[in-house]
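Work out the full structure, taking the sequences as your base and the hints as a guide.
Going down the list, the protein sequences come from chains S and C. Sequential numbering from 1 applies to the first sequence in my numbering. Sequential numbering from 1 applies to the second sequence in my numbering.
Keep in mind the hints are simulated off the structure, nothing from the lab. Think of the CB as a built atom: it goes at the ideal place given N, C-alpha and C, for glycine as much as any other residue.
Reference excerpt, derived from the structure (chain C facing chain S, CB under 10 Å, subset only):
(1) Leu19
(2) Val22
(3) Glu36
(4) Ile37
(5) Asn45
(6) Phe46
(7) Asp55
(8) Ser57
(9) Ala82
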Amino acid sequence: MLNHILSAFRTYMHGDGAVLLPEMQLFLFAIGTLAMDSWAANTSSEKPGTNLVFQQNYWNPAIALAGTAFSALTLWMLRARIMQSGDLAGFHLTLVVDSYFVFFSALFLAATALVILLSVNCSTISAVRQGRYFALLLFACMSMMLMVAAVDLVVIFLAMEAVAISAYFLAASPSLSNRTPSAAVKFLFSSALGSALVVYGFSLLYGLSGDTNISQVARALGGRHNVAKVIALSRQSGPQGLQMLQLLQSRLPEAVRWHAFTLEALPIAAFMLVSVGMILKFAVPPFQAEFNHENAETDFGIPSAVILYLSGAFGIAAVALLLRLLFTIFADSQNIWWYIIAGMAIAGISYGGLASLRQTNLERIIVYLSIAQMSYVLLGVVAANEGAATAMTYYLLTYLFTVTGVFGMLITVRDRSTSARTLNDLRGLRQRSPITALLLIVFVLSLAGAPPTAGFFGRYFIFHSLLETGHRYIGWFVTVSSLPLAYSYLRIAVYAWRGTKSETESAAVAFGVSEAIVLGICVFVSLAAGLYSEPFTRMARYAFGQ
Amino acid sequence: MLPVTHYLFLSFALFFIGLTGVLSRRNLIVKLFSMEIILNAASVNFMAFARLYGDASGQVFSILVVAMLALELLVALVIIAAVCSRWKSATPDDAKDLSSQLDY
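So, in structure tokens, the structure goes:
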């Protein structure tokens with residue numbers, strides 16, 4: 001009996017199980033975090049003050065970090081396996097393990113690990129039973145990995161909803177904030193509207209192809225011109241029209257009544273719905289539409305680490321999914337839809353840059369600018385050559401680490417000394433702590449795209465691919481529209497560097513160990529990728545299997 | 001047996017009703033209902049196309065859409081309830097008038 005179970009398990013782990021193994025590990029560790037948390041709460045409530053280790057509450061982040069580490073290890077082994085024997089596919093071709101999945105999963109795991117490290121000392125998070133928080137982070141990471149692994153519309157939809165629901169809980173968890181986070185309401189509505197639009201687009205795609213696998217959908221979309229031609233011919237009189245009518249009646253009887261135009265118009269509608277829906281999700285418009293009673297100075301009412309996760313990792317996940325859909329389903333009509341994507345990208349860059357000018361709250365500035373940053377990635381889709389693919393993944397890779405660095409700076413400065421909520425709070429940061437000011441300036445310059453940093457090469461590669469494919473005018477447009485963006489970033493740097501100490505001044509900024517690790521990694525990436533970008537571009541090239 | 005275009009028109013109508021509701025209404029609960037109407041429109045599409053192609057995956061998708069809709073509704077209503085108890089209203093405009101009394 002036991003042997004049967006064991007052999008069944010072994011067969012499973014060699015087949016479908018291997019495809020899902022990194023996600024399963026994260027899931028188990030998330031459950032473990034929850035169990036450990038409730039056990040620790042029970043023991044420490046029985047004997048108050050005796051269980052110092054659990055009161056320190058370092059166990060939850062430790063387990064969560066171990067989860068990401070194990071998952072990363074499995075991912076590394078999977079990578080070796082697919083290098084030897086090609087891409088894996090499982091669960092009736094709904095999930096795949098290819099280099100795209102490996103690259104983006106590694107990115108999500110890194111983002112989750114960095115956010116876990118940044119949350120260890122966060123006062124608002126450690127005030128509550130934090131096991132739930134870390135478990136939620138792991139669940140969110142797991143669903144994001146599923147999202148890039150999925151190649152079936154049904155599974156993509158399920159993973160997308162799983163990501164969204166983890167995000168709602170992270171943004172709205174009342175235990176994480178003392179106020180009702182209005183950001184959560186905005187996030188909820190824009191994200192739910194985004195997924196509703198995407199699902200409607202999926203239903204049209206299914207209707208056009210009769211299949212849910214995205215490569216089958218792509219093939220059916222490619223063949224729709226022939227079907228349209230057959231329908232048009234069947235309306236003609238004469239023997240050929242009759243023949244086509246008979247063909248149509250035998251293959252797809254309903255199509256006799258269709259208009260050929262619907263077959264041309266519906267893919268465009270589906271494309272618009274899917275791309276607008278995904279953009280609604282990744283542009284993090286939670287933070288866009290202001291409610292009237294909020295002004296530019298209030299923060300979002302949720303911990304900075306959560307905002308970082310929402311605007312960093314979730315944004316990257318949505319872009320990754322959008323890229324996969326665009327490059328498989330809609331790949332062969334790229335010369336038609338690049339206008340739409342270019343328009344959206346330019347609108348996003350100008351909107352993010354201009355809206356950030358009005359803000360004085362630091363988190364708000366960064367979040368608005370993250371909309372612009374994600375729009376830059378879309379420009380790579382406009383160019384859509386080999387260099388553009390590398391440029392996009394390189395951009396996302398370096399963007400994740402630099403934005404984590406900026407939020408890490410905000411978290412340390414806020415927790416340790418005067419709360420750095422607005423630009424004015426940064427005044428005199430150089431005198432308080434020169435290293436902090438210097439690190440902040442490095443990250444901000446990298447986000448702005450200044451030469452010695454990682455951000456410069458991200459911009460350079462994207463512009464290069466745009467020029468290569470002859471989109472010179474878009475290059476000009478983008479240069480002009482990114483001026484407010486650069487101004488916004490430089491404004492932060494100037495505030496951090498200049499200005500004198502304010503009267504309400506407290507002790508110098510001090511890093512905890514976990515923050516120091518995060519900032520070390522981030523500053524390493526954002527400088528190393530700028531000074532010697534070869535290893536990073538090789539990683540970026542790997543994502544598209546080049 | 002109705003042709004598939006009839007279902008398509010029904011779902012387009014539902015979609016636009018939903019989209020108009022999301023964009024024009026201010027009350028959060030009405031907004032939420034409008035979003036569910038969009039999802040239902042997608043669900044109608046899936047059922048119609050599943051019958052057209054004689055393929056079960058559309059029906060599965062439709063059932064999953066309903067399940068996810070219920071789940072999302074639950075989470076959204078919890079969040080709206082939390083917000084309403086603070087704002088004393090489900091409409092952000094009313095909250096603006098109350099904002100002087102609240103510590104926003």
